[in-house]
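Chains as they are written, first to last, in my numbering: chain A, 200 to 889; chain B, 500 to 816.
It is worth saying that the hints were derived from the structure and are not from the lab.
Be a bit skeptical, because a hint or two may be false.
[As the list claims (entries may be wrong)] Which chain B residues stay away from chain A? Per the calculated CB distances, all over 12 Å, these:
no. : residue
1   : Glu504
2   : Glu510
3   : Lys663
4   : Arg758
[Stated by the list, open to error] Stretch by stretch, here's where chain A covers chain B in the computed footprint (C-beta under 8 Å, at least three residues):
no. : segment
5   : 537 to 549
6   : 744 to 755
7   : 787 to 793
A virtual CB, placed ideally from N, CA and C, is assigned to each residue, including glycine.
These are the residues of each chain, in order.
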Amino acid sequence: MIAKLLVANRGEIARRVLRAARGMGIATVAVFSDPDRDALFVAEADEAVPLGGVTPAESYLRLDAVLEAAERTGADAVHPGYGFLAENPELAAGCRKRGITFVGPPPEVLAVLGDKVEAKRVMAAAGVPVLPGAEVTGLDGDELAAAAERVGLPVMVKATFGGGGIGMRVVREPAELQAAVDAARRQAGAAFGDDAVLLERFLQAPRHVEVQVLADAHGRVVHLFERECSVQRRHQKLVEEAPSLAVDADLRRRLGDAAVAAAEAVGYVGAGTVEFLLEPGGSGGPRGGPPEDRGGGFFFLEANARIQVEHPVTEAVTGLDLVRLQLLVAAGEPLPDEAVRATLRGHAVEARLYAEDPRRGFLPQAGTLHRFRVAHPGVRVDAGVGDGSVVGVHYDPLLAKVIAHAPSRAEAAGLLAAALAGARLHGVTTNRDLLVGVLRHPAFLAGDVDTAFLERHPPAELAAGQRDPEAGRLHAAAAALAAQAARRAAATVQPTIPSGWRNNPSQLQRVDFEGEEGVLAVGYRFGRAGGLEALEVDGEPLPGARLWTCGPDLVDLEVGGVRRRFEVHRVGDVHYLDGPLGHAELRERPRFLDRPEGSGEPEGGSPVDRAATAAAGSLASPLPGIVRRVAVRPGELVAAGALLVVVEAMKLEHRISAPTAGRVRDVLVAVGQEVDAGAPVAVLEEADDG
Amino acid sequence: MATGEEAGDEELGGAEMHARTSGLADHLADDEHDCIRIGRRIVAGLHWRKLGPGATRPADEPRYDPDELLGLAPVDLRVPADVREILARVVDGSRFEEWKPLYGQNLVCGWASVHGYPVGVLANAQGVLFSEESNKAAHFIQLANRADVPLVFLQNTTGYMVGKAYEQRGIIKDGAKMINAVSNSTVPHLTLIVGASYGAGGYGMAGRAYDPRFLFTWPASKTAVMGPEQLAGVMSILNRTSAEAAGRPFDEDADRSMREAVRDHIEAESRALFNTGLLYDDGILDPRDTRTALGIALSACHSGEVKGTGSFGVFRM
Numbered sequence: 200m201i202a203k204l205l206v207a208n209r210g211e212i213a214r215r216v217l218r219a220a221r222g223m224g225i226a227t228v229a230v231f232s233d234p235d236r237d238a239l240f241v242a243e244a245d246e247a248v249p250l251g252g253v254t255p256a257e258s259y260l261r262l263d264a265v266l267e268a269a270e271r272t273g274a275d276a277v278h279p280g281y282g283f284l285a286e287n288p289e290l291a292a293g294c295r296k297r298g299i300t301f302v303g304p305p306p307e308v309l310a311v312l313g314d315k316v317e318a319k320r321v322m323a324a325a326g327v328p329v330l331p332g333a334e335v336t337g338l339d340g341d342e343l344a345a346a347a348e349r350v351g352l353p354v355m356v357k358a359t360f361g362g363g364g365i366g367m368r369v370v371r372e373p374a375e376l377q378a379a380v381d382a383a384r385r386q387a388g389a390a391f392g393d394d395a396v397l398l399e400r401f402l403q404a405p406r407h408v409e410v411q412v413l414a415d416a417h418g419r420v421v422h423l424f425e426r427e428c429s430v431q432r433r434h435q436k437l438v439e440e441a442p443s444l445a446v447d448a449d450l451r452r453r454l455g456d457a458a459v460a461a462a463e464a465v466g467y468v469g470a471g472t473v474e475f476l477l478e479p480g481g482s483g484g485p486r487g488g489p490p491e492d493r494g495g496g497f498f499f500l501e502a503n504a505r506i507q508v509e510h511p512v513t514e515a516v517t518g519l520d521l522v523r524l525q526l527l528v529a530a531g532e533p534l535p536d537e538a539v540r541a542t543l544r545g546h547a548v549e550a551r552l553y554a555e556d557p558r559r560g561f562l563p564q565a566g567t568l569h570r571f572r573v574a575h576p577g578v579r580v581d582a583g584v585g586d587g588s589v590v591g592v593h594y595d596p597l598l599a600k601v602i603a604h605a606p607s608r609a610e611a612a613g614l615l616a617a618a619l620a621g622a623r624l625h626g627v628t629t630n631r632d633l634l635v636g637v638l639r640h641p642a643f644l645a646g647d648v649d650t651a652f653l654e655r656h657p658p659a660e661l662a663a664g665q666r667d668p669e670a671g672r673l674h675a676a677a678a679a680l681a682a683q684a685a686r687r688a689a690a691t692v693q694p695t696i697p698s699g700w701r702n703n704p705s706q707l708q709r710v711d712f713e714g715e716e717g718v719l720a721v722g723y724r725f726g727r728a729g730g731l732e733a734l735e736v737d738g739e740p741l742p743g744a745r746l747w748t749c750g751p752d753l754v755d756l757e758v759g760g761v762r763r764r765f766e767v768h769r770v771g772d773v774h775y776l777d778g779p780l781g782h783a784e785l786r787e788r789p790r791f792l793d794r795p796e797g798s799g800e801p802e803g804g805s806p807v808d809r810a811a812t813a814a815a816g817s818l819a820s821p822l823p824g825i826v827r828r829v830a831v832r833p834g835e836l837v838a839a840g841a842l843l844v845v846v847e848a849m850k851l852e853h854r855i856s857a858p859t860a861g862r863v864r865d866v867l868v869a870v871g872q873e874v875d876a877g878a879p880v881a882v883l884e885e886a887d888d889g
Numbered sequence: 500m501a502t503g504e505e506a507g508d509e510e511l512g513g514a515e516m517h518a519r520t521s522g523l524a525d526h527l528a529d530d531e532h533d534c535i536r537i538g539r540r541i542v543a544g545l546h547w548r549k550l551g552p553g554a555t556r557p558a559d560e561p562r563y564d565p566d567e568l569l570g571l572a573p574v575d576l577r578v579p580a581d582v583r584e585i586l587a588r589v590v591d592g593s594r595f596e597e598w599k600p601l602y603g604q605n606l607v608c609g610w611a612s613v614h615g616y617p618v619g620v621l622a623n624a625q626g627v628l629f630s631e632e633s634n635k636a637a638h639f640i641q642l643a644n645r646a647d648v649p650l651v652f653l654q655n656t657t658g659y660m661v662g663k664a665y666e667q668r669g670i671i672k673d674g675a676k677m678i679n680a681v682s683n684s685t686v687p688h689l690t691l692i693v694g695a696s697y698g699a700g701g702y703g704m705a706g707r708a709y710d711p712r713f714l715f716t717w718p719a720s721k722t723a724v725m726g727p728e729q730l731a732g733v734m735s736i737l738n739r740t741s742a743e744a745a746g747r748p749f750d751e752d753a754d755r756s757m758r759e760a761v762r763d764h765i766e767a768e769s770r771a772l773f774n775t776g777l778l779y780d781d782g783i784l785d786p787r788d789t790r791t792a793l794g795i796a797l798s799a800c801h802s803g804e805v806k807g808t809g810s811f812g813v814f815r816m
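My request is simple: use the sequences and hints to build the entire structure.
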């Protein structure tokens with residue numbers, strides 16, 4: 200048995216492996232980079248070894264450092280998780296050399312499977328159906344075009360080594376080929392240190408089905424049914440499920456047999472995944488194409504010699520713990536009975552929660568997750584983060600996987616959507632709304648899913664969902680009321696006096712919020728007995744407003760005859776709301792504009808006026824001296840605070856900076872020029888484009 | 500002008516000049532909003548703190564509905580109001596520990612708290628103060644000073660008792676004890692005129708002239724040195740006596756219209772709205788706001804030290 204396991208990974212998968220190890224009484228070691236010093240997986244391991252560095256290349260990809268960490272801590276096994284070094288044969292070989300158990304297949308198997316061209320060749324030889332393709336490393340121009348023609352357009356360009364969709368591109372026209380191959384080479388080189396690329400026939404909107412296999416060191420190979428990973432974006436999986444709707448019992452048997460054959464062909468050991476592309480139209484027979492197409496409508500795509508991100512859906516429908524089985528197999532144990540006799544039970548759906556903004560081109564998001572709570576009965580959450588976690592830009596923006604298991608697909612999808620919709624995700628923008636939009640979309644529920652789902656249904660529309668038109672107003676009202684309660688609760692004087700009490704009430708209490716729907720101005724008044732007497736947003740009363748309870752964190756508000764509970768969480772001037780109408784992030788506008796004294800105009804004065812005042816005032820030399828530096832040119836746009844001119848006087852340098860953002864209309868001095876105190880040095884005006 | 504110098508408004512005394520050149524101004528605000536912003540910042544940095552002990556008791560709501568104060572507020576001042584019912588709708592948890600309940604019963608004295616601030620209460624149960632009530636008040640005010648507890652005066656008084664028997668029993672001497680105690684007391688006084696505030700009773704119960712920290716009125720209350728009827732009557736007696744002494748005939752018709760005029764005049768000028776217009780009070784309260792207003796006032800009182808006195812001078816015996 201393994202006594203001490205080093206987990207050579209980070210985030211949710213590191214925590215997942217640690218959990219399995221703890222459950223088996225195995226001591227644990229984490230390795231971590233500098234940005235991960237406060238990460239949950241580091242705290243949860245018994246011991247941790249700093250790798251230093253920031254980027255993956257400086258940290259988690261450092262083979263020698265990982266192996267040294269294992270030796271230093273006396274770990275007798277290394278689990279690589281997925282990504283990073285998971286499929287690097289050198290780690291497996293390095294472990295073997297040091298007498299450390301590598302939780303994964305032997306280096307020889309990794310070498311074969313990691314070379315996609317070689318893997319395909321082996322699979323084809325073993326009778327597994329494969330897609331036509333060609334290795335194009337070193338090919339250019341006409342040779343490249345000829346290779347593409349042999350494969351047949353459209354083709355997919357992809358890195359020979361590595362995975363995760365990095366560098367993948369679809370080429371439909373011969374003219375696009377060279378650029379796509381060059382780009383793929385660059386990306387592959389940067390990501391995996393090897394720029395080998397290959398072309399492969401691209402199937403329009405194929406279904407993506409993968410089969411989980413499990414092999415022990417005694418030659419026993421079983422499959423644990425299929426997963427479907429059909430909703431993707433840029434070839435990154437988003438929603439995964441098991442079993443696949445496109446697979447009937449017969450196809451399941453054929454897919455399983457093919458996967459077992461594939462694993463046997465390479466002498467696989469451990470948990471792995473064999474990916475197949477399923478032609479649209481389901482499990483029909485072969486439809487023309489080059490002679491390599493021999494399967495029943497499915498093609499071997501690649502084999503992943505690691506635990507998959509989406510392994511929990513298989514665990515849900517089989518009731519197995521795949522990481523535990525990995526550790527057992529790595530320790531030389533034969534596959535246990537429950538794995539050999541696994542059966543399918545119900546349906547499981549997994550959604551990947553990413554720190555990225557689907558409404559803005561899936562831009563990765565960074566920041567502090569002030570709150571991270573995904574808690575719903577019957578839903579599994581594999582998260583790498585928790586309350587207060589800092590999400591950086593250096594690694595994959597996957598925050599968590601959320602998995603629902605239910606007797607039927609519709610129930611599982613509904614449960615998962617509800618869990619995500621109700622999750623408390625504060626501080627970092629996520630793809631949660633998109634996931635909920637997908638899971639509740641009629642096309643998804645009807646099983647009309649393939650890898651092009653997000654092309655047919657634009658992510659921005661899915662993410663927008665069906666919002667109650669009153670949600671914004673109610674959220675703003677609830678935020679104002681909760682903030683009021685928080686101020687009362689924090690009052691050090693007169694804490695029991697009714698909120699906002701006036702002897703002669705006239706104006707409402709007012710607060711303005713900025714949210715997705717623009718500025719919302721809330722007005723409210725409490726009566727002498729503490730009851731809500733008036734509640735309006737943008738001057739419009741909320742009909743029948745009645746406050747059942749109102750605390751700093753919870754507002755139970757009835758409007759229009761419907762009572763709803765809103766959870767409110769404040770961080771600085773940002774109010775996060777969660778409730779039956781969804782979630783909102785509202786920024787409270789300051790009551791008073793903070794600005795430097797003497798900066799000029801009354802609130803609401805035009806920027807032109809301010810710039811003009813500034814030109815007359817602050818942009819003058821503060822004392823007589825010599826111009827040492829002119830940092831701007833006329834016409835240049837500058838931000839507030841930008842350095843304009845440096846004047847040296849009395850042996851000191853005086854920086855003259857822009858009091859507001861704007862355009863430099865004029866520079867009135869030159870370097871070396873003597874200036875008098877109060878002499879204007881530059882004139883700033885309002886920028887044309889605001 | 501004085502020196503013949505010619506100067507513009509701004510260069511002579513403008514905000515910009517004083518903020519930038521003379522240094523007279525500490526801050527230069529762009530407008531009213533900016534001024535408030537700067538003011539708030541200054542106040543936030545004042546290191547202000549309350550000197551009083553602050554609220555020390557549970558500040559639970561009264562157990563009786565304060566809305567009912569509207570029905571308890573005296574309207575016809577000839578009908579006594581039940582001050583215990585009023586207190587039950589003002590003080591914390593409707594708790595009132597009455598002191599000397601069986602003696603001088605026209606004046607209710609006792610201990611309570613409002614928004615957690617302990618108070619001693621003196622309240623007119625019946626409008627007239629006799630010797631017993633005066634002595635009781637003088638005694639109670641001394642106790643509150645020993646305990647450093649603020650006093651709340653609930654006024655509904657028509658004054659100290661008059662008449663031969665009472666004068667002979669020493670009502671002036673006893674009233675003087677009460678006035679002496681009120682005058683020398685140093686704990687904060689809060690006065691609430693719920694009904695009548697007439698005559699010397701209004702002074703003895705910490706009326707405006709006796710400088711309570713705050714004085715509030717209820718809308719239907721009346722404040723005057725004498726009641727309209729009484730003043731008209733006294734005027735009439737004086738006129739009649741003067742006519743008789745001079746041997747003039749007394750004009751009954753003129754007397755009647757004089758009495759009406761005096762009565763109407765005093766009636767009008769004793770109203771709460773008239774008095775608040777003269778700033779005799781610190782505001783007319785909706786009776787339902789009484790508890791809140793007293794709480795804020797007590798909080799303000801506790802900004803300073805709350806300290807009673809032991810030196811009341813000489814009580815007339």
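Each hint tested on the structure:
no., hint, in the structure
1, Glu504, "holds (23 Å)"
2, Glu510, "holds (16 Å)"
3, Lys663, "holds (46 Å)"
4, Arg758, "holds (37 Å)"
5, 537 to 549, "holds (count 3)"
6, 744 to 755, "violated (count 0)"
7, 787 to 793, "holds (count 4)"
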